[in-house]
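With the sequences and hints as input, model every part of the structure.
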Amino acid sequence: MRRFFYIPLFLMVLFILGVIIALFFRSSPVEILKALSSRETMYALRLSVLTSIAALLVSASVGIPTAYLLARESFPGKAIMELLLEIPLVMTPLIAGLGLLLLFGREWLGDSLERMGITVLFTPLGAVIAQIFIASPILVKSARAAFEAVDSRYEQAAATIGLSPFRTFCLVTVPMAKRGLLSGIIISWARAMGEFGATLMVAGATRFKTATLPISVFLNIGTGELESALACAWVLLLAGFLMLFALRMMGEDRTHDSLAQGVRL
Amino acid sequence: MTEISLQRITNGILHEVDLEIGSGEFMVIIGPSGAGKTTLLNVIAGLVHYSGHVTFDCKPVEKVPTYRRALGYVFQDSMLFPHLTVEANLQLAANSTGRNPERSQSAKALLKLLGIEHLRKRLPRHLSAGERQRATLARTLAADPKVLLLDEPFANLDDRSSSVLRAELKSLQKRLGLTTLFVTHNIREAEELGERIALLASGSIEGTFTPDELHRAQNIGNLYECKEKACCQ
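Heads up: the sequence lines are chains W and H, in that order.
In terms of the working numbering, the first sequence opens at residue 99 and continues consecutively.
In terms of the working numbering, the second sequence opens at residue 170 and continues consecutively.
One thing to keep in mind: the hints can contain errors.
What the hints assert, rightly or not - Below 25 Å or equal to it, Euclidean Cα-Cα: the simulated SDA-like pairs (lysine to any residue) are:
1) K315(H) with K176(W)
2) K232(H) with A303(W)
3) K276(W) with P251(H)
4) K276(W) with H252(H)
5) K232(H) with S262(W)
6) K276(W) with E256(H)
7) K290(H) with D249(W)
8) K176(W) with L216(H)
9) K315(H) with K276(W)
10) K276(W) with L292(H)
11) K339(H) with E361(H)
12) K232(H) with E253(W)
To be verified - From chain H, some residues computed to sit far from chain W (all C-beta separations above 10 Å):
13) H218
14) T235
15) R237
16) T266
17) Q274
18) D327
19) S332
20) G376
None of these hints come from the bench; they were simulated from the model.
None of the values given here were measured: they were computed from a predicted structure.
Even glycine gets a Cβ: it sits at the ideal position worked out from N, Cα and C.
Okay, structure coming up:
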């Protein structure tokens with residue numbers, strides 16, 4: 099029976115290969131490379147890298163302590179909080195963006211932030227916030243699984259040799275959860291780099307201002323500049339391949355676990 | 170050296186346990202599986218909740234977190250940190266409260282003392298069970314504890330390794346004058362190691378004995394369940 103299962107496997111592989119071939123062989127490499135070195139693509143690339151790194155830093159500094167707490171402690175309302183933290187995973191990014199648009203609009207937080215000199219909507223900061231909203235729950239889920247995999251008795255053993263809880267966390271727990279944490283960081287970074295729907299709603303689509311790589315693809319398709327769109331797509335694909343390669347390097351089994359934990363609902 | 174006192178310790182497993190462990194004394198707790206032996210050690214280490222009072226040198230330690238109790242705890246499984254070499258495990262314990270050159274030196278001496286100097290660059294997964302327990306004991310001592318708690322540390326070892334390590338532990342304990350509480354379900358081990366032996370059954374202390382008294386006692390089998398007695402002699 100198993101050999102029949104090769105048919106759907108080959109169909110899936112062909113489907114994905116078809117998409118990749120279409121992206122890579124639609125235009126000549128010379129045209130793509132020319133578009134790739136254009137100012138617009140370079141701006142989009144720089145903006146994507148900067149916003150996704152900023153989003154990743156915020157997501158990691160908030161998400162890792164959150165994940166540790168969820169992995170180790172029981173407290174009232176934990177189940178509800180867990181559910182809330184998973185909502186962005188099932189929310190359509192466009193709807194998440196609409197929510198952020200309203201939250202940071204004039205009627206809610208917008209006015210107070212404006213008075214402090216902070217403008218979120220239709221700025222690169224809006225792109226960062228959209229990416230944080232989408233990527234941080236993925237990081238929390240992966241990091242939590244990584245912390246849960248560390249036997250808490252190691253932390254007890256650390257306490258019995260005189261290590262404070264903070265030093266135990268830094269010197270024992272985090273190094274032991276390192277691989278899982280790195281997987282989570284890579285997956286959430288990839289998600290932030292590729293974020294489109296929420297970013298479009300919150301940051302808008304303005305060339306040389308808020309156009310990240312995915313938004314650049316969208317804008318260029320809209321204006322019929324296929325080569326520019328494909329150049330951005332190539333960069334995103336290459337980044338994706340590099341991240342997949344990094345995950346593979348960290349151990350195939352772990353990768354599958356983390357990927358599954360990162361996206362499983 | 171530290172004197173330990175337990176007064177009316179009660180939680181889900183222990184029932185009104187009173188126990189005094191003298192300064193520098195080697196006390197063994199014996200009892201069948203599920204009697205609450207590990208829980209008793211966890212109470213002293215501050216790793217579980219309980220009601221009652223624990224004092225170290227007449228000072229209550231209820232509000233003292235585990236990492237400030239100046240105790241060493243050898244668990245049944247070695248619990249060496251798997252991402253660190255043997256030496257790094259010891260150095261982490263030696264410098265647990267900040268860099269301490271004197272303790273770092275004594276950590277190196279401990280490797281020699283326990284005959285595992287040649288293993289210092291190895292990761293725990295590359296050690297045998299006996300080597301792991303030696304390294305764990307060395308790491309525990311590297312933190313310079315005043316109280317030593319051991320939870321069936323040799324249970325997973327073969328008879329020969331276990332016997333050698335028992336002798337080394339006894340000699341080290343005497344030399345360092347550590348107040349020691351050793352948990353086992355093995356009567357022979359208890360007789361060999363303990364200056365005093367407390368029998369714990371169903372969460373209560375049923376009596377304390379000298380090794381000779383334990384050897385002569387006729388009712389141990391009843392308290393200890395015949396099956397346990399048979400397998401341990």
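Violated constraints from the hint list, given by number and in increasing order: 1, 2, 9, 14, 15, 16
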